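S.K.: Read off the chains here:
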Amino acid sequence: MDALTDTYMTDTTQEKPADMIMTARNVDVFYGKKQAINNVSLDIPKGSITALIGPSGCGKSTFLRCLNRMNDRIDICKVSGDIRYAGQDIYAPKVDPVALRARIGMVFQKPNPFPKSIFENVAYGPKIHGLATSKSDMADRVETALKQAGLFDEVSDRLDEPGTSLSGGQQQRLCIARAIAVQPDVILMDEPCSALDPIATAVVEELMDSMRDDYTIAIVTHSMQQAARISQKTAFFHLGELIEYGDTTQIFTNPKETRTQSYISGRIG
Amino acid sequence: MNTDHIVTSFDTDLNTIESLVLEMGGLVEQQLLTCTKALKLGDRDLAKEVIRSDSKINALEAEVNRMSIEVLALRQPVAADLRTVVMTLKIANHLERIGDYIKNMARRTNTITKADAFIGSMSTLARMSDRVQGMINAALDAYNRRDPDAAETVRGDDEDVDQMHNGLFRELLTYMMEDTRNISGCMHLLFIAKNIERMGDHAVEIAGETVYLVTGDWPTDKRPKGDRTSRMIFTPEELGDSD
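So the sequence lines, in the order shown, correspond to chains A and B. Reading the first sequence from the start, the letters are residues 1 to 269 in the working numbering. Reading the second sequence from the start, the letters are residues 1001 to 1243 in the working numbering.
Some clues are possibly wrong.
Unchecked claim - Pair by pair, the computed Cβ-Cβ distance ranges are:
1) A/108 <-> B/1059: 38 to 46 Å
2) B/1070 <-> A/115: 43 to 51 Å
3) B/1222 <-> A/30: 35 to 43 Å
4) A/115 <-> B/1093: 54 to 62 Å
5) A/212 <-> B/1016: 57 to 65 Å
6) B/1070 <-> A/41: 39 to 47 Å
7) B/1007 <-> A/73: 35 to 43 Å
8) A/256 <-> B/1004: 17 to 25 Å
9) B/1059 <-> A/46: 51 to 59 Å
10) A/210 <-> B/1231: 25 to 33 Å
11) A/109 <-> B/1012: 33 to 41 Å
12) A/73 <-> B/1222: 53 to 61 Å
13) A/194 <-> B/1065: 33 to 41 Å
14) A/212 <-> B/1065: 45 to 53 Å
To be verified - Examples of chain B residues lying across from chain A (beta carbon under 8 Å, computed):
15) 1004
16) 1007
17) 1073
18) 1074
19) 1078
20) 1079
21) 1082
22) 1083
Worth flagging that the hints you see were computed from the coordinates, not collected in a lab. Quick caveat, the model's predicted, so the values are computed rather than measured. Even glycine gets a Cβ: it sits at the ideal position worked out from N, Cα and C.
Please take these sequences and the hints and turn them into a complete structure.
M.R.: Pasting the structure below:
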């Protein structure tokens, strides 16, 4: 982390708030003239799962993508405000988005393994970031990542088979293994279980819970039950605004905002 | 807030459960009224009717339980809906317990003879019963109207019931000390008084749960508690002094 920030990130003197690994202040996002996110401020606590919920088009995925600059890839997308990772401005000119994404990884809605072997899928990140010191070190890294993703026992005898040969749930866990192979601090997940059946979903949820000791997770989910099951913090977005953010227990038992209450109890879509 | 769910059958389920609880409440109030009348008149047939009718309350509670579990499993309610279902379950349980106390009161009404029915105690018991019936009614009304202020008022009303219970405890103790032949009847009347006092406590619980249901926060201020019978010991001299 230190080496990375020295190299790629602007050094700032501003201290990060205690145990908040990411902070966002007054974030606005425009797609051309259309404003997708309006003045959102949100802190993501270290070692926890933060769920972003809200109706389709509310800006939750857009906000998630701001957290590792995935929106950079969209020409008409303009992000303003202050987003910090470990106290450092991730939109500062010196920050290399590729290096940033190694610290803040991402798992997408549809499992998207590369058309390569299971081993190569996981080895890809460490390889491009030059993390492995030797062949055996690379093998160790792949094995560790697959174990952390709860997939190793299922694939240990067929690491050279294509990643796409796995089931949907296994493919998603392979993508999680790929994300954690570079040992990030934060993993962003955009609807990671929406293409999975309930059993595969439960396995991924259990995996996410077990990952909390080592990683901070921010997840966008359409399933409020999933948010309630797995997260410690929940943020409710509506029409590009952050309506309410709090402990998941509080949001689901006693939300303070009427719009949150209406949405989570199925009164507005 | 828009009060209707997008899925209208969810509203139907919640409304049905709530109506069942209110029906239970109406039945409980009626039972208490009838039982008090039976006690005052020494009417054993009326008391037997009260005992028989308790099964209706139990059946309604079973239906509330069944429907609430179904809603929890199938609708997975959250926030105010969750509080509504869970608190309604608890309120139904309180009403069922109140029903049991009334049934016990009816049984004792059948046991004691008219000679045991001390006039002064009877009128205090009837006043206690009226007061508690009013508390049950007010608590359920607050629940029905989702009115936390009205519920708070009920929580304060219990002190009067406790005071009457304290007085009755002392009074019946006097009768027992005066003549040991009074003991059997007085003991039953004391248990009836205790039953009514407990009913008041359940009404207070219903009120507190209504506050939580509406606001999401439990009442924090401690309500005045006036039942001091557990700490009362009197000598015959002390009781004689009070006359």
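S.K.: Which of the listed hints are broken here?
M.R.: 1, 3, 5, 10, 14, 17, 18
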